[in-house]
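K.L.:
Taken in order, these protein sequences are the chains called A, B and C. The first sequence begins at 1 in this note's numbering and counts up by one. The second sequence begins at 1 in this note's numbering and counts up by one. The third sequence begins at 1 in this note's numbering and counts up by one.
Hints may contain errors.
To be verified - Okay, the calculated bits of chain A under chain C, using three or more residues with CB under 8 Å as the criterion:
(1) 37-49
(2) 118-130
(3) 200-208
(4) 254-264
(5) 351-362
As the list claims (entries may be wrong) - Listed next, the in silico DSSO-like pairs over lysine-lysine satisfying Cα-Cα at most 30 Å (straight line):
(6) A:246 <-> B:326
(7) A:246 <-> B:202
(8) A:178 <-> B:151
(9) B:328 <-> B:274
(10) A:371 <-> A:35
(11) A:219 <-> B:328
(12) C:72 <-> C:48
(13) C:67 <-> A:203
(14) A:243 <-> B:328
(15) A:243 <-> C:72
(16) B:29 <-> B:539
(17) B:151 <-> A:169
(18) A:169 <-> A:243
(19) A:203 <-> C:72
(20) A:246 <-> B:328
(21) A:178 <-> B:202
(22) B:202 <-> A:169
(23) A:243 <-> B:326
(24) B:274 <-> A:219
(25) C:67 <-> A:48
(26) A:219 <-> B:326
Said to hold, decoys possible - Short, incomplete list of chain A residues facing chain B, as computed with Cβ under 8 Å:
(27) 94
(28) 105
(29) 138
(30) 308
(31) 404
(32) 405
Worth flagging that the hints you see were computed from the coordinates, not collected in a lab. Keep in mind it's a predicted model, so treat the numbers as computed, not measured. Every residue, glycine too, gets a C-beta built ideally from N, C-alpha and C.
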Amino acid sequence: MANTHVIRDATCTFCGCVCDDMHLTVDDDTHKIVKAENACVLGRAWFKEHGIEQRPFALIEGREASTEQAIDAAARILADARFPIIYGLSDTTCEAQRQAVAIADIIGGSVDTTTSVCHGPSGIAFQDVGEATATLGEIRNRADLLIFWGGNPAESHPRLFTRYTVTAKGMYVPNGRKDRTVVLVDVRRTPSAAVADIFLQVKPRRDFEVLWALRALVKGRPVDPTIEQVTGVPLATLEDLAKRMKSCRFGVLLFGMGLTMTRGRHFNSGALLALASDLNEYTHFVAKPVRGHGNVTGADNVVSWQTGFPFGVNLSRGYPRFNPGEFTTVDVLSRGEADAALIIAADPASNFPQPAIEHLRRIPVIVLDPKSTHTSQLAKVAITTASYGISVGGTVYRMDDVPLTLRPALPSPYPSDESVLTGIKDRVRELIGGNRMPAMDRIGAAA
Amino acid sequence: MLRIVNGRVYDPANGIDGEVRDVCIADGKIVADVPGQARRIDARGMVVMPGGVDIHCHIAGPKVNLARKLQPEDHRYDVLPRTAVTRSGVGGTVPSTFTTGYRYALMGYTTAMEAAVPPINARHVLEELHDTPIIDKGFYALMGNNVLLFKMLEQGRHEEFRNTVAWLLASSKAYTAKLVNPGGDEAWKGRRNANVTRLDEKIEPFELTPRQVISALIQTVDELGLPHPAHIHCNNLGHSGNFETTLETMRIAEGHRAHITHIQFHSYGHAAGKSSDHATSKAREIAEYVNTHPNISADVGQVMFGKATAMTADAPLGYMLARFAKGKWVSADTEHESGCGIVPFAYQDRVYTHALQWAIGLELFLMSKDPWRMVLSTDHPNGGSFLSYPKLIRLLMDREFRKQEMAKVNQKALRQTALADGLDREYTLSEIAIVTRAGPARLLGLTNKGHLGIGADADISIYQEQEDKEQMFNAPRYVTKDGELIIEDHEFRSTYEGRVLHVAPDYDPGVVEAIRPFFEENYSIRFDNYPVNDSYLGKHELVPTKPQRTGAAK
Amino acid sequence: MSETMILIGGRSSAQGTSVCAGKFGTEYVNVSSTLEMNVEDMARLGLKDNDPVRVRSATGEIVARCKGRAAKDLPSGVLFIAYGPLSSVLMDGDTAGSGMPLSKSIDVQIEPVR
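Take the sequences, apply the hints, and build the full model.
P.N.:
Here it is in structure tokens:
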């Protein structure tokens with residue numbers, strides 16, 4: 001008879017849905033989570049596969065080391081660097097994220113999160129257009145028109161459909177699915193299309209034109225029928241959709257990487273956000289970027305409140321500067337500018353373009369991760385940390401900015417990201433002798 | 001330990017009006033005396049006041065962070081480099097959190113209250129406040145559009161209503177109940193961007209009116225004995241003729257305490273013609289009501305020309321402003337609790353409406369007979385940044401300066417107000433100390449703040465006495481917080497973590513079983529994940545309710 | 001014979017579950033090296049399910065194994081691959097000043113590996 005205990009109302013942090021109704025059964029003998037009631041297939045894998053592995057506490061240049069030694073080595077790398085960058089942060093707690101930004105402030109480096117390669121373009125568009133939005137509970141309770149654009153929630157965010165939108169019953173939507181019209185817009189028919197009443201297949205790279213045409217139709221402006229040749233969507237279909245959008249009671253546009261990662265990027269996000277805002281002249285309409293990782297929203301929030309900007313922040317001059325393309329990590333690496341990197345809870349060596357990965361091989365890299373990854377394999381200093389949500393508590397933010405406190409299930413021998421980053425921060429401060437002050441007096445002086 | 005000598009002390013709560021006397025500090029408090037070897041600060045030529053208390057500002061939380069993210073262009077022009085002891089940051093009308101704390105301190109303010117937070121987001125506010133250094137802080141929890149409370153009220157479940165209000169305050173770590181355009185957010189979200197405009201109209205689909213919501217919350221907060229009364233942003237903010245709504249709302253209090261916030265925005269008379277060019281001032285009527293009803297308090301919500309950011313839980317208002325401004329706009333609905341609107345804004349002296357608003361704010365100050373109950377605010381950043389407080393102080397204290405500024409504004413608007421009739425009053429230093437320190441502290445029920453009596457928190461600001469009051473109040477020479485010398489010779493000597501001020505009114509624990517079912521069915525998070533645990537408080541001070549202070553049985 | 005097509009990278013359920021097990025596990029490697037292709041395009045190129053296909057972009061080249069999708073689900077000329085180290089090889093480092101490299105709608109040349 002196994003010894004087990006149950007943790008109720010735990011939070012799953014695999015995707016941006018951040019479902020907080022996980023009831024976890026923990027096997028005390030094997031130190032594994034053996035059941036995750038209410039989890040979707042991704043959540044079940046998340047809980048099942050994040051047990052306590054036997055791994056070295058740290059590796060320095062491939063040799064086993066203690067966490068303390070690794071913290072010291074990491075601090076030295078950062079203190080010596082002239083253009084250090086900190087990246088990742090979307091799969092860790094806010095408490096850890098705050099330490100990371102503090103380090104960037106002390107050393108005068110850059111801090112960027114996975115937002116820059118995810119909904120960064122939506123953040124850029126937000127700065128231009130703003131956003132009409134709502135929490136997921138509001139959507140569940142009121143939305144009678146749901147439009148999913150450039151995303152495949154059936155495979156990436158299963159409970160977005162079942163807990164928060166399509167099939168969930170709501171206060172003013174008591175019949176759930178039957179009270180709603182669901183529209184899916186994508187370049188290919190994914191499994192998500194099965195839930196849609198209306199599926200719009202758009203030609204690749206033409207989302208902007210479709211969104212802009214819808215804006216025009218909503219405002220009563222004419223659109224040429226050649227829109228069909230350009231986008232693959234007939235004018236009559238767009239006219240019908242515009243009419244539905246204006247006549248619904250509470251409409252929602254939920255959008256994903258299909259808009260941010262393709263031709264147009266922030267223009268696509270901006271067109272969608274503007275469309276949602278425009279519609280408020282006729283009815284209540286909101287938009288929501290569907291966030292990928294469990295605490296990428298937390299990263300946006302923490303970096304924003306501490307620096308004023310959501311991602312791609314540089315502190316080399318002693319104060320925060322923001323400029324996508326200049327300080328975002330893919331660019332800084334691809335141009336070979338960084339001379340040291342601290343990567344937390346991310347795997348750029350797997351997900352970045354080749355020129356960026358090649359540069360990561362050339363510079364000293366410090367990695368904090370519970371698992372072995374492509375990035376930890378090329379790192380000079382690799383520190384094993386405990387998984388947030390599984391072993392480590394703290395605060396995370398759901399995709400709609402609702403903050404939740406984690407309920408960890410499995411104690412881990414490995415330190416949390418927060419404690420390692422705090423250690424690095426303190427050691428760096430010791431090595432530098434306080435905060436790094438920009439050498440303004442040396443500008444113009446002979447080298 | 002510190003002894004401040006030779007300074008002119010303004011401590012109106014204790015009747016001290018510019019007397020030169022010593023102020024002694026030990027262990028974070030004002031004490032009667034300290035030993036001879038204690039450090040001395042020679043405050044000759046300086047004015048010594050309690051630290052400033054901002055009773056209503058928007059400085060932390062989800063709405064503020066959205067506004068912060070919205071305006072990188074603002075931050076670019078106003079940067080705060082790191083120093084040996086302080087973190088870097090950015091400014092503009094919505095500064096980053098470290099900058100917010102430092103800049104309040106740099107102005108001699110030591111306490112600030114975040115004015116509007118949906119309880120479901122309380123953790124976020126507490127996290128940001130944790131990164132807001134120096135000042136003591138707290139926040140008001142939004143309840144005027146709370147669906148659970150609406151249901152209880154419409155069903156006549158008054159006991160449960162009271163216990164739920166108490167429970168919400170205790171579990172979110174808030175300071176008081178905040179009402180914003182009661183009923184309006186429900187109309188915005190549920191009826192395709194509608195609003196409520198009359199206190200006796202139905203808040204569909206509830207059998208409830210704004211009047212009933214306001215009355216219930218005013219009474220409940222009073223019954224709970226909270227240190228600060230229900231804090232109310234009245235319906236119809238910004239609309240011509242809204243002074244009637246404001247008067248009606250104040251009458252609803254019926255002798256109970258109530259605080260009407262940014263009352264300037266609620267003091268407008270009817271437009272004489274179709275265009276808003278003919279809107280008028282009703283500052284006299286509003287000021288008179290506040291003057292003659294000691295149960296009512298207010299903060300002015302002064303408009304200051306220049307850049308502002310409209311950020312409000314009044315979603316319909318936000319949208320209305322967005323349509324004027326024609327630029328970017330943020331709206332964010334929060335399930336069962338609130339809405340919000342954010343619009344970058346600028347007040348211009350040439351524009352009739354803006355000049356009228358500016359003048360009405362000044363009218364309210366100058367016609368107020370009780371500075372303890374008509375205190376200073378700009379509803380930062382809605383009326384203007386808190387950095388404009390020194391200029392506002394100068395406008396109140398310096399008649400000549402005020403006249404110069406009056407000459408620059410839209411004269412047609414000015415003529416609508418008593419300023420044009422020669423409202424000549426000049427605030428004294430003592431009155432300034434009341435509207436910026438002693439008054440707000442007393443209204444907040446913070447018995448250890450806003451004064452320099454024995455036992456008070458040693459939050460002190462020392463200003464070089466100057467002719468130009470704006471210059472004077474812009475940069476205190478010294479600031480102490482809990483007796484720590486934070487600013488000396490205008491520079492930071494160290495950073496500091498202030499306390500979160502919060503209340504925990506007693507409630508019947510059985511009410512949880514009345515709340516839970518509503519949660520499980522209608523919220524998108526689990527009930528047990530809603531209350532905020534104490535770890536988010538950091539340094540904190542639990543301010544007792546009246547029953548808790550007097551030991552009344554509960 | 002090689003043809004120009006548009007490659008969409010994205011998440012899939014299998015990619016999500018296998019990434020939890022670890023990026024070096026067989027399942028993840030298989031999932032992130034499977035290229036979905038329109039069945040009519042496959043027939044024209046003489047490809048069967050699981051045949052190796054060379055995919056070349058302006059910046060890199062990979063070999064993946066193809067899997068057919070009905071025309072109603074995946075239009076002709078469009079390819080899908082789950083995110084992973086392989087799909088990243090094909091991404092350009094130039095973000096056009098946005099911070100975001102193009103991971104979807106990448107122009108690629110594909111040809112069967114003989």
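K.L.:
Decide, hint by hint, whether the structure agrees.
P.N.:
Each hint tested on the structure:
For the region 37-49 of chain A, the stated coverage by chain C is satisfied: 7 residues place a CB nearer than 8 Å to a CB of that chain, which reaches the threshold of 3. With a cut-off of 8 Å between beta carbons, the region 118-130 of chain A has 3 residues touching chain C; three or more are needed, and the interface restraint holds. Against chain C, the region 200-208 of chain A contributes 3 residues with a C-beta closer than 8 Å to a partner C-beta. That satisfies the three-residue criterion, and the hint holds. By the rule of at least three residues with a Cβ nearer than 8 Å to a Cβ of chain C, the coverage given for the region 254-264 of chain A holds, with 6 such residues.
Requiring three or more residues with a Cβ within less than 8 Å of a Cβ of chain C, the coverage given for the region 351-362 of chain A holds, as 7 such residues are present. Distance hint between residue 246 of chain A and residue 326 of chain B is fulfilled; the C-alpha atoms sit about 20 Å from each other, no more than 30 Å. The hinted pair formed by residue 246 of chain A and residue 202 of chain B meets the criterion: a straight-line CA distance of about 26 Å does not exceed 30 Å. Among the hinted pairs, residue 178 of chain A with residue 151 of chain B is consistent with the structure: their alpha-carbon atoms are about 26 Å apart, no more than 30 Å.
For the proposed pair residue 328 of chain B and residue 274 of chain B, the alpha carbon gap of about 27 Å is at most 30 Å, so the pair holds. Pair hint residue 371 of chain A plus residue 35 of chain A holds up; C-alpha atoms about 21 Å apart against a cutoff of 30 Å. Proposed proximity of residue 219 of chain A and residue 328 of chain B is supported: the alpha carbons are some 18 Å apart, at most 30 Å. Simply put, residue 72 of chain C and residue 48 of chain C have alpha-carbon atoms about 19 Å apart, close enough for the 30 Å limit, and the pair holds.
For the proposed pair residue 67 of chain C and residue 203 of chain A, the alpha carbon gap of about 21 Å is at most 30 Å, so the pair holds. This hinted pair checks out: residue 243 of chain A and residue 328 of chain B have alpha carbons roughly 24 Å apart, not beyond 30 Å. With a C-alpha separation of about 26 Å, the suggested pairing of residue 243 of chain A with residue 72 of chain C holds against the 30 Å cut-off. Distance restraint check for residue 29 of chain B and residue 539 of chain B: the Cα-Cα separation of roughly 17 Å lies within the 30 Å cut-off, and the hinted pair is therefore satisfied.
For the hint linking residue 151 of chain B to residue 169 of chain A, the alpha-carbon distance of about 19 Å falls within 30 Å, and the restraint holds. Taking the CA atoms of residue 169 of chain A and residue 243 of chain A, the gap is about 25 Å. The hint holds against a cut of 30 Å. Straight-line distance between C-alpha atoms of residue 203 of chain A and residue 72 of chain C comes to about 13 Å, which keeps the hinted pair within the 30 Å bound. Between residue 246 of chain A and residue 328 of chain B, the direct Cα distance comes to roughly 21 Å. Compliance with the 30 Å bound is thereby established for this hinted pair.
Pair hint residue 178 of chain A plus residue 202 of chain B holds up; C-alpha atoms about 29 Å apart against a cutoff of 30 Å. For the hint pairing residue 202 of chain B with residue 169 of chain A, the CA-to-CA distance comes to about 26 Å; that is within 30 Å, so the pair holds. Of the pairs offered as hints, the one joining residue 243 of chain A and residue 326 of chain B holds, with about 24 Å between alpha carbons and a cut-off of 30 Å not exceeded. Pair hint residue 274 of chain B plus residue 219 of chain A holds up; C-alpha atoms about 27 Å apart against a cutoff of 30 Å.
A threshold of 30 Å between alpha carbons decides the hint, and for residue 67 of chain C with residue 48 of chain A the separation of about 29 Å falls inside it, so the pair holds. Taking the CA atoms of residue 219 of chain A and residue 326 of chain B, the gap is near 15 Å; set against the 30 Å cutoff, the hint holds. Interface hint status for residue 94 of chain A: upheld, as the beta-carbon distance to the closest one in chain B is roughly 6 Å, under 8 Å. At about 6 Å, the closest approach between the beta carbon of residue 105 of chain A and any beta carbon in chain B falls short of 8 Å, and the interface hint on this residue holds.
Nearest Cβ of chain B to the Cβ of residue 138 of chain A: about 4 Å, under the 8 Å cut. The hint holds. Interface restraint check: residue 308 of chain A against chain B, minimum CB-CB distance 4 Å, threshold 8 Å, status holds. A cut of 8 Å between beta carbons decides the hint on residue 404 of chain A: the least distance to chain B is about 6 Å, and the hint holds. With a cut of 8 Å, the hint placing residue 405 of chain A at the interface with chain B holds, because the nearest CB-to-CB distance is about 6 Å.
When each numbered hint is compared with the structure, no violation occurs for any of them.
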